[in-house]
Every structure is written in structure tokens, then in C-alpha cells.
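Trainee: All chains, please: the whole structure from these sequences, using the hints.
For the protein sequence lines, the chains are B and X, in the order given.
Counting from 1, position 341 in the first sequence corresponds to residue 341 in the UniProt record's numbering; the numbering is continuous, with no gaps.
Counting from 1, position 412 in the second sequence corresponds to residue 412 in the UniProt record's numbering; the numbering is continuous, with no gaps.
Derived by calculation from the structure, the hints in this document are not laboratory data.
Hints should not be assumed to be uniformly reliable.
Copies of the same chain are indistinguishable here, so a pair counts whether it falls within one copy or spans any two.
Below, simulated BS3-like cross-link-like pairs (lysine-lysine); rule was C-alpha separation at most 25 Å, straight line [stated by the list, open to error]:
(1) Lys91 with Lys31
(2) Lys157 with Lys220
(3) Lys381 with Lys31
2 protein chains.
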Amino acid sequence: MSKSKITKSFVRSITHSLSKKSNNQYISSNKPLSFPCLDKLEKKSDSLRPDVERKKIPNLKFDVNNTITIEQEIPIKPIYNRIQQGFELFKSEEPLFLDYGGVLPEFQIAYEHWGTLNKDKSNAILIHTGLSASSHAKSHPKNIKPGWWENFIGPDKPLDTNKFFIICTNVIGGCYGSTGPSSINRETNERYATRFPILSINDMTRAQNRLINHHFGIKKLYASVGSSMGGMQSLAYTQEFPEEVGKVVSISACARSHPYSIAMRHTQRQVLMSDPNWNRGFYYDGIPPHVGMKLSREIATVTYRSGPEWERRFGRERVHSSPSLCPDFLVETYLDHQGTKFSLEYDPNSLLYVSKAMDLFDLGSKNRNRASTTRLETQKKLYDDTYDSDANRVLKDMPINPKRVRSESEEEGEIDLLDGLKTIGDKEVLVIGVRSDILFPSWQQAEIAEKLKEANIKFFGGTGDNIKHHELSEAISQYGHDTFLIDLEHVGGPIKEFL
Amino acid sequence: MSKSKITKSFVRSITHSLSKKSNNQYISSNKPLSFPCLDKLEKKSDSLRPDVERKKIPNLKFDVNNTITIEQEIPIKPIYNRIQQGFELFKSEEPLFLDYGGVLPEFQIAYEHWGTLNKDKSNAILIHTGLSASSHAKSHPKNIKPGWWENFIGPDKPLDTNKFFIICTNVIGGCYGSTGPSSINRETNERYATRFPILSINDMTRAQNRLINHHFGIKKLYASVGSSMGGMQSLAYTQEFPEEVGKVVSISACARSHPYSIAMRHTQRQVLMSDPNWNRGFYYDGIPPHVGMKLSREIATVTYRSGPEWERRFGRERVHSSPSLCPDFLVETYLDHQGTKFSLEYDPNSLLYVSKAMDLFDLGSKNRNRASTTRLETQKKLYDDTYDSDANRVLKDMPINPKRVRSESEEEGEIDLLDGLKTIGDKEVLVIGVRSDILFPSWQQAEIAEKLKEANIKFFGGTGDNIKHHELSEAISQYGHDTFLIDLEHVGGPIKEFL
Numbered sequence: 001m002s003k004s005k006i007t008k009s010f011v012r013s014i015t016h017s018l019s020k021k022s023n024n025q026y027i028s029s030n031k032p033l034s035f036p037c038l039d040k041l042e043k044k045s046d047s048l049r050p051d052v053e054r055k056k057i058p059n060l061k062f063d064v065n066n067t068i069t070i071e072q073e074i075p076i077k078p079i080y081n082r083i084q085q086g087f088e089l090f091k092s093e094e095p096l097f098l099d100y101g102g103v104l105p106e107f108q109i110a111y112e113h114w115g116t117l118n119k120d121k122s123n124a125i126l127i128h129t130g131l132s133a134s135s136h137a138k139s140h141p142k143n144i145k146p147g148w149w150e151n152f153i154g155p156d157k158p159l160d161t162n163k164f165f166i167i168c169t170n171v172i173g174g175c176y177g178s179t180g181p182s183s184i185n186r187e188t189n190e191r192y193a194t195r196f197p198i199l200s201i202n203d204m205t206r207a208q209n210r211l212i213n214h215h216f217g218i219k220k221l222y223a224s225v226g227s228s229m230g231g232m233q234s235l236a237y238t239q240e241f242p243e244e245v246g247k248v249v250s251i252s253a254c255a256r257s258h259p260y261s262i263a264m265r266h267t268q269r270q271v272l273m274s275d276p277n278w279n280r281g282f283y284y285d286g287i288p289p290h291v292g293m294k295l296s297r298e299i300a301t302v303t304y305r306s307g308p309e310w311e312r313r314f315g316r317e318r319v320h321s322s323p324s325l326c327p328d329f330l331v332e333t334y335l336d337h338q339g340t341k342f343s344l345e346y347d348p349n350s351l352l353y354v355s356k357a358m359d360l361f362d363l364g365s366k367n368r369n370r371a372s373t374t375r376l377e378t379q380k381k382l383y384d385d386t387y388d389s390d391a392n393r394v395l396k397d398m399p400i401n402p403k404r405v406r407s408e409s410e411e412e413g414e415i416d417l418l419d420g421l422k423t424i425g426d427k428e429v430l431v432i433g434v435r436s437d438i439l440f441p442s443w444q445q446a447e448i449a450e451k452l453k454e455a456n457i458k459f460f461g462g463t464g465d466n467i468k469h470h471e472l473s474e475a476i477s478q479y480g481h482d483t484f485l486i487d488l489e490h491v492g493g494p495i496k497e498f499l
Numbered sequence: 001m002s003k004s005k006i007t008k009s010f011v012r013s014i015t016h017s018l019s020k021k022s023n024n025q026y027i028s029s030n031k032p033l034s035f036p037c038l039d040k041l042e043k044k045s046d047s048l049r050p051d052v053e054r055k056k057i058p059n060l061k062f063d064v065n066n067t068i069t070i071e072q073e074i075p076i077k078p079i080y081n082r083i084q085q086g087f088e089l090f091k092s093e094e095p096l097f098l099d100y101g102g103v104l105p106e107f108q109i110a111y112e113h114w115g116t117l118n119k120d121k122s123n124a125i126l127i128h129t130g131l132s133a134s135s136h137a138k139s140h141p142k143n144i145k146p147g148w149w150e151n152f153i154g155p156d157k158p159l160d161t162n163k164f165f166i167i168c169t170n171v172i173g174g175c176y177g178s179t180g181p182s183s184i185n186r187e188t189n190e191r192y193a194t195r196f197p198i199l200s201i202n203d204m205t206r207a208q209n210r211l212i213n214h215h216f217g218i219k220k221l222y223a224s225v226g227s228s229m230g231g232m233q234s235l236a237y238t239q240e241f242p243e244e245v246g247k248v249v250s251i252s253a254c255a256r257s258h259p260y261s262i263a264m265r266h267t268q269r270q271v272l273m274s275d276p277n278w279n280r281g282f283y284y285d286g287i288p289p290h291v292g293m294k295l296s297r298e299i300a301t302v303t304y305r306s307g308p309e310w311e312r313r314f315g316r317e318r319v320h321s322s323p324s325l326c327p328d329f330l331v332e333t334y335l336d337h338q339g340t341k342f343s344l345e346y347d348p349n350s351l352l353y354v355s356k357a358m359d360l361f362d363l364g365s366k367n368r369n370r371a372s373t374t375r376l377e378t379q380k381k382l383y384d385d386t387y388d389s390d391a392n393r394v395l396k397d398m399p400i401n402p403k404r405v406r407s408e409s410e411e412e413g414e415i416d417l418l419d420g421l422k423t424i425g426d427k428e429v430l431v432i433g434v435r436s437d438i439l440f441p442s443w444q445q446a447e448i449a450e451k452l453k454e455a456n457i458k459f460f461g462g463t464g465d466n467i468k469h470h471e472l473s474e475a476i477s478q479y480g481h482d483t484f485l486i487d488l489e490h491v492g493g494p495i496k497e498f499l
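Mentor: Spelled out as C-alpha cells, the structure:
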């Protein structure tokens, strides 16, 4: 008897039995699904309501042996409503003119440092962070929490504090002490919110240079080092101040953002902006858009960490015996956890501005020349007392033409990038890429290295040997984009050797 | 003079000039950003309000020469409020017992067909669709619109209607005529919404088998053919009814869902479920969650189409002269367009259920045995008059343990999959994969083919030669996952030859 025949006859007997029941009562089996994940978010919104007195909420926690304990959770304030400390502040009262026409009349930069600056100030290394990191790269007496590069910095570590004076800053646009959208605009005494001007990666480095050059009086960095967005900044700083950088390290970054990365960041921004609590950026006195932030971070996490590692770590394991539309697979609970953890730890507007700066990153010469012109125009307009920034103009609701394709050819793009990299082409550069990275695929680091070599040959008559390119195979790292945070041996090792 | 010196002196002169101005008036340069993309969505929500009389809204459109014309836009109803036609309906009044404990007391399947069924009913090919496709694979007199596989079906085409009788169905759980969450539950006379039971891919094929076997009286399909989710179904149908399938074609699919794909679908579902208009699935009389649907589709589109093609097509081109947090890069306007187009064309609850079914897909023997047991238990409980489905139980708010890892070893998983594929191991199978696919990476099709070969050797004493594996290199296709919809030559060609 075939499978289908068994089913058929069996089903018929059951159908017969069912039809005897009154009022189709058997159908009531399909009760509405429940959504504990949404209940949780609604509760969280309630606890974050500024007008409601905060209560302690019971919270279940696992310890390492998977024992469940009930803890009292003290409702967390969003980052921009907390007192932050453990870093130093540099304030610049000179305006910062920005690549896309905006201006910061004054700004501050949060920074931390390790090791000792030598007499001739020749041993300083500036570390650039990823999108959402603070200046806290390593623990120190003023902040004993482990930093995001804790094991990479210290005596005899890849960034050796016996030899070097290491500085790390929070980027402008961020929310860990440096001026960003959550900062108070001194004119209105209100937070900037989405009145903050659009930033570029190069703007961030020009702000950093005030700290390095004006404050510390460092005329030339021993090295500029960074990963992910920091790897962009590391190159951008050198492009902006070629005379002021010795060596360059750029890890898991690119020389210009590519459509897939832009697309992934686009979805993160749109998801966040669609949270009604985002309120077009003016949420600082209301419920924070923690749902949009959580979702946005979940998408980001897929791009940071997925790869062969997830196969091994999560497989197809589920946490519930019955399926659910709430987190159900182990990998889903992981994403949920990552999203929740981040949702109040970073300022939503900072995420939008810094993420956008990454999209706009392009070391090509046209982009750089346009930016210089724009900055000079802004300065001129300000000087001429007729300033009217175009960067924040009201955009028209542009209809979309789905057939439109790029107007610049790929060849033109290549030449443009080569020209833009001219000022970096004579440096000692180390480029590191990771094969399992899907956000900044390893061909993008190969592109940086190839173009820098070309630049060295073309503009300096060199051999290109000054450009080192190091690629971690999948056999070596399965951690994807986040490898730079994790792999002390294979990322830290080459850095130590290079420096 | 170094760059920084120029900037410094220039900045100082400006600062001096600025300080003369009264009331910091220069700061007002940073006006709030505008958000036309959000304005548009709000307008759309208003036009979809069921209690508001619909008005015609002016709409800007491009023609091929980029000329702007103003058109009247007739507000679109969501798919579930439109009259749908152009397909045939098969109704089954026998209950369908489901893999995760639910039951459909009755259901219907929308289907379309092309070519002629021969006398001994031996020339039928069943085509399985991707997640969001309807049964309309090809145009015909009842529906002249081009189908989703228009050029693949017809006389002398890869699916040759001179030889074969081609049938395509809308999956149960869908919204193009087959029973799904937007269908009326005959008990309550209301739509199922999230009272609909959780489905599996195998459930879908058991529903299809009623049409093929009970309705058409086809004892054995000449072939089972599908791409993406359809490629899962193609294998699942064969696993469920091994005696009733001749040849099998599975394109851009997998034998079990992998964490990255689950993660990407997870983010799409969570984004949709976070749209307040989703209302836990009960939106049919309100404003549809078109924003959540749009965002969800944008994320999906990244996984369907990104790849080398985007580099060539969009590059870093922007559509505005000044950057914006609304769609700005060409690739963003493309995603925005794809999201908008889809947002009312598919039922949001169908998306959740069908997407979830894809996550749950696993041809491994444990999963299949568990499902069989569950179905039999449901039948027994129903027969015993004490039915209480566990599939829809109220889930407890499980705390997340971020340290938890999978409990099954990779080796156990491999053996389980091999056992599960036993009944397919003796078929003629064609597996097609695409190197530029990031959603179902080509190693997953290689896995299907390898495991099927192993099954043929182990269980049937064969050589494995019955399993054909065809992989499209990046040089051949740059379209990623969607290649199966586009590449008639390199996907259609091998199908034609194989059939």
C-alpha cells in the first residue's frame, strides 16, 4: 500500500468522525499564535516612557550552568540620558567646515590614550574605531571595563604601549562624548537631532587632526590604524594629511563603498526611521526608537558575523518544541539578543549619520575635489555673510526611475580612485582582509592594495613593495567582518610585525 | 605650507569674522533634514485607511527618455481585497494534517496548466514556485499577463508544451487563490489571520498531491521541477511520494535551511511584525502594514539580487546632489522601488507563514519522522474527540541564553540528512546552483548533489551517476539568487536537456 493510500483511507475515516461533531468544533484547534517577543517590546516601551515612574521589572537570567535565576532589572536609560565618563575631552571652538556643505561652529572630541608620548612626539599611533565603538579601546584606571580592542593594546601587544603612545577617539557624529546629533546646539540650547549636518569619513579625520595636531602638537603620527569604518578613516586621515602620517594600517575596509554594503546599511536606516518613536529624529524627550534600533542591529549583525561560524555554532537548532513567528531557531535568539543589547546603547541619530558617512565614503579624486570646493564655498559664504548651506536643503520628492543605471563607466571609476589615492601611494601600508567577510568582501581590500601599488608605481616611480596585503583564508577565520575584534593571532600578529 | 596650516589660518580668520556676528546666527545653517520618503509613506497610509473615501493622487512618472509626466494614481487595494481570477480551483474537503500539529479541515489550491495531458497521464510536470509567486507561470487566454517563467514554458521551450502537461500551483499559505491566512475560516466566517496553523514545505507538497493524485488522477509525475522555495518543494514532493515522481529538478535551493538564510528571513519577519499596522496579523479591516512589507521586501531584494551585477549597474551613483537619509544612492532608489511595488501585492501574513516554512525546511530523517508522528497524533486525538493542537500553544517568554550552542554535532546532521534523502536517491535528479547567489550559496546545491549521490551508492548500490549537478560560474551569471527567473540559456538549457 503506498503512503498516499494510507493517508487517504485514514483521512476519510477521520473526516467521517469529524462530520459527526456539531458546529465544526474541530476547527477551533487553530488558536491565534502568541507573540511574546512583541509583548516584551511593548513592556519595554512602557518602561521607557518619560512620563511614567519607573519600576523594577523581574527578569530571568541564565548563569553558565543554564540555571535560571530571577533578577531585578533596573530599567536602562538610553545612552544619551546617561552620565558618561572615563575619557578626556578636547574642545575646538574653531568651526569645522564639512564635505557636504554643513558646518559645526564648535565641537568636542572624546579620547583616551595608553602608553607615553616621547619627547619628540614621534611615537603616536591614532586608532580609528568601527561604526558604533567608543574611544574605550582598552581598560585603564579611569575606566576599568575591557575595551573593544582590549587584547590588542598593551605592553608587548600588537599595539605595544612600551613603545607607542596610542590614542583612540570617538568620531564626531557619535554619542560617546564627541559632538553628535544628541549634543546640545549652543544656539538653541536644544539637541541637534536631525538638524545635525551630514558628515563624511574625511570630516571625522579633519576633526581628529585638531586633537592630534593642535592639542597634542603631534606633527606626524607614527601610524594611523583602523578596522572596518576605522579602516576607511585610517586611509582618509592619510589622504587629508599625507605629511602627517608615517605608516598606515587598514583592516576589513574599502577605498570606496560598494552597492551591497550601501544596500545593507540602507535597510538598517530605513527600518530605524520607520519606527514611529524615531519621530524624524526628535525623540530625545520621548520613548526612544528602541524597536527600530533593535531591528537595525539584527540586520547589521547578519552582515558582521554570519559565515561558516554560524553553521557550526547554531546549525538548525531550535529553542522551542513548537515553531513560532517569534525567535525560535537558536540563530534567531542570538540576533534578538544582539539587537536588544544594542538598542539603548547607541544613539539612533548617531547610527543614521555615521552609517550614512560610510555610504558616502569614496577616496576617488572627484569626490575629494568636490568636497574641498564645497568646504571652501561654505567658508567663503560665511565670510561673505550670506551663508546658506545647500547640504540641508529641502529635498524634493524625487520619483524613482527603476531603469536608471550609473552614468560613470567602471573604467572612469578606476582612474578616479587611482588619482584619489595618490597621496597615500608612497606610505608604508598594511591592508588586511578576511575571506569570510560578507560586508566588506575581501576583493575590496585587494582593490585597496592593488590601487595603492599602482599609485606608488605611477606617481612615485616605485615598485609597489611598500604596500603589504594580507588575506585571512576561511580556514584561518570563520568570523566574517568581526574577525578584527576577535582574532588576536591572525590580525594582531601582522600588525605587530608591520609596526 | 602644509594643508593643515592653510586650514588653520583660514579658519582663524573666519572665526574672527564669525565672532562679530550677533546671536550666533551662523549656526542656523543646519536646518532640520527633510524626509520625503516618510512623507510619502504617511500619505500612502492615509489613502489606504478603510474609513476614508479614496481620492486620486497625482503621481510623477518617468518614461524611457526620463521625461516627467503627471499621472493620476488610482489607489491600490491590497491583494486580499481584490477579486483574483485567471486560475482554476481545486477544493479538498478532507482535512490536511500538518507537520507541526495544526490541521486545515478543508482547503483549496489555485492552479494553472499548459499543454495537454496524454492518455496514460504520464507526461505531467509539476512546477513549484518561489516564496511569493502565484500559479501564473505563463500567460494563457484566461490571463494574458506574462507569467513569472514566461519564456521557460511553451512549445520547444525548456518546459516543452508540445510534449508535456505543465501544472503550476499557488502554495497553501499563499494569497493567490490557495488557502492561506487571508482565507475565510468557515467556522468563524472570519479570515484566519494568525489563527492559521504553522506550515511546512512538506505540508505544501501533500496539499499539491491531492490535486495531482485525487483530482487529475495522475499516478506518477513525469517530473517535479522548482527553483528557490520551489526547489525545496521539488525535493520534498519526491521525499513524500517517492513512487509518484519520475525526474526531479531543484534549482537554487537546499536540502535544509542554513543559519544565514534563516537569519535573513528572520529580520524580514521581525521588521514586518514590528509595523504597528500589522496588529498581530489582524489588519484585514484596517490599514495594511505596507511599511513593514516594503522594508521586508527591501531586505529580501538585497539577498535576491545583489552581486557583481549591482556594481556594474548602480556603482556609487547618487540621484541627489546633496546627501539625504532618504533614498539617495541609485541602489537605494532601486530597493525603495522594489519594496513599494511589493508592499500591497502580497499578503503580509502569507509572507510570515511561507517564510517560516522555508526556515523549517529540513529533509533530514529526524525532522521527517517527528512530523509523521505529530500528524498521526493529531489524527488520533481528533479521532479520540480530545483534540488539542500543540502547534498553537501559548509560548512562554523564553529568556535568551547568548552562550547556548547547537546540541547536535555536524556529523550527526550529515548522517541524518543522508537518511532523509534515501527515497530520492534512486531518481534522476538535476541540481542547479549559481555562484553569485548569496541567499542559497552554491555550496548548498553541492550539498544536495553530494548527499543524493551518497544515498544512491549507500541505499541502492548505484554509482551516483543519476545525480547531475550544474553550477553557473560568476562569469556566466551575475544575477545572484534571481538567476532562475532571468537566465533562459543557462538555466533553461540544462533543464531542457535533462527532461
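Trainee: Taking 25 Å as the upper bound on the Cα-Cα distance, should lysine 381 and lysine 31 be classified as within, between, both, or neither?
Mentor: Between copies only: 16 Å across chains, 66 Å inside a chain, cut-off 25 Å.
Trainee: First find the shortest C-alpha distance between lysine 157 and lysine 220 inside one copy, then the shortest across copies, and answer within, between, both or neither for a cut-off of 25 Å.
Mentor: within (22 Å within a copy, 68 Å between copies)
Trainee: From the Cα coordinates, with 25 Å as the cut-off, is the pair lysine 91 and lysine 31 best called within, between, both, or neither?
Mentor: Intra 60 Å, inter 23 Å, cutoff 25 Å: inter-copy only.
The structure agrees with every numbered hint stated previously.
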